[in-house]
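K.L.:
Sequence:
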Amino acid sequence: MKQLKMPVFFIASFILFLFSIVIATSFGGVTIPFFETVQVFLAKLPFFYFETDSTFEQILLYIRLPRVIVASIVGASLAVCGVVMQSLFRNPMAEPGIIGISSGGSLGGVIAIYFGLSHISTFFVPVFGFLGALLTLLLVYIISTSNGKTSMLTLLLTGVAISSFISACSSLIITYASYGQLQQILYWLMGNLNGRDWDDVKLLILPFILCNILIFSYRKQLDILLLGEEEAKNLGIHVQRTRTILLISASLLTGVCVSLTGAIGFVGLIVPHMIRLLIGPTHRYLIPTSLIGGALFLTLADLIARLVIRPAEIQIGIITAFLGAPYFIFLILRQKKMEGLL
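Just so you know, the sequence shown maps onto residues 4 to 345 in the working numbering.
In case anyone wonders, no lab produced these hints; they're calculated from the structure.
Note that CB positions come from ideal geometry on N, CA and C, so glycine has one too.
Take the hints with a grain of salt, since some may be wrong.
Here are the computed distance ranges between Cβ atoms for each label pair [unchecked claim]:
id	residue 1	residue 2	range
1	L141	L175	17 to 25 Å
2	A328	Y52	44 to 52 Å
3	I18	I312	25 to 33 Å
4	K8	I312	20 to 28 Å
5	A46	L238	51 to 59 Å
6	Y179	F51	49 to 57 Å
7	A328	F30	20 to 28 Å
8	L209	L189	25 to 33 Å
9	P314	T157	48 to 56 Å
10	S220	Y179	43 to 51 Å
11	M96	Q61	37 to 45 Å
12	T34	G231	25 to 33 Å
13	A171	M96	18 to 26 Å
14	P10	E39	26 to 34 Å
Turn these sequences into a full structure, and let the hints steer you where they fit.
P.N.:
Right, here's the structure in full:
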């Protein structure tokens, strides 16, 4: 896409995202008229004066809006982390959990649930989830680093091995879990946005802003890394340091998301790849547009999860898997075709 068209594309995407927020907050167990929803939101802004239904206001501002904002932040975060992983590994099928971060975060949450810590305080599940993701990141880095250097291939293979081991640990715990614990664990593992509130938004917002600012500041280095390691070194890029900073930033942001919502797959795979096809690989545009795209994708996925069998709802991880798995197969077939295997 030409540079002149980028502002129009980005603004259109952002407007569509804002529209999706209004739609997503309008629907649920109780359907609120679209314009009533708009009035409630506008009434909170300066210079707008509307008489609004207090019941609708409570539902929109304190039940649905926090959940939608959490979905938006998590979707945006996973999409940006997907951009980083796909660029660093130079692989369109890489995603945020490729080095085991999601598995580690999931195990942390499973441990908290199994030992009954979730009954003491719901705060323990996200804390253990984040610690699991952080410890997994440290373990993968320690194993794959030698003489101060980290091979991307070794990092990838180590991540796959650690992820498999962690998944086995989670399965072992599930085997010995009670029926009540099993329900809670499976609910967690399939991705969960139910019950999110403004406290969750507060927990997410700071790491979201800081990590995205840091990642965007490395946009030029990411462009150069696509040329290959040797070419990047010749152009003055400190490859090892750049990779380490970006991997840690993306992994920590992924860990924060997993700790609050459980593992939500395919967002970091689908969104960056589709945006890259639309606007090209230049990270100056790819990162912010993927951020908006990820927020839009998960907001709509959550809306689908709430509407399909309402008043009950499907776990959001199931929806993203239904959407993502066919696209993943498409990527594999496309890759084979490009290699002349089909």
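K.L.:
All hints are to be evaluated individually against the structure, with a verdict given for each.
P.N.:
Evaluated hints:
no.: 1; hint: L141 with L175: 17 to 25 Å; in the structure: 22 Å, holds
no.: 2; hint: A328 with Y52: 44 to 52 Å; in the structure: 48 Å, holds
no.: 3; hint: I18 with I312: 25 to 33 Å; in the structure: 30 Å, holds
no.: 4; hint: K8 with I312: 20 to 28 Å; in the structure: 40 Å, violated
no.: 5; hint: A46 with L238: 51 to 59 Å; in the structure: 53 Å, holds
no.: 6; hint: Y179 with F51: 49 to 57 Å; in the structure: 56 Å, holds
no.: 7; hint: A328 with F30: 20 to 28 Å; in the structure: 25 Å, holds
no.: 8; hint: L209 with L189: 25 to 33 Å; in the structure: 30 Å, holds
no.: 9; hint: P314 with T157: 48 to 56 Å; in the structure: 49 Å, holds
no.: 10; hint: S220 with Y179: 43 to 51 Å; in the structure: 46 Å, holds
no.: 11; hint: M96 with Q61: 37 to 45 Å; in the structure: 44 Å, holds
no.: 12; hint: T34 with G231: 25 to 33 Å; in the structure: 53 Å, violated
no.: 13; hint: A171 with M96: 18 to 26 Å; in the structure: 23 Å, holds
no.: 14; hint: P10 with E39: 26 to 34 Å; in the structure: 32 Å, holds
Checked against the numbered hints given earlier, the structure breaks hints 4, 12 and satisfies all the rest.
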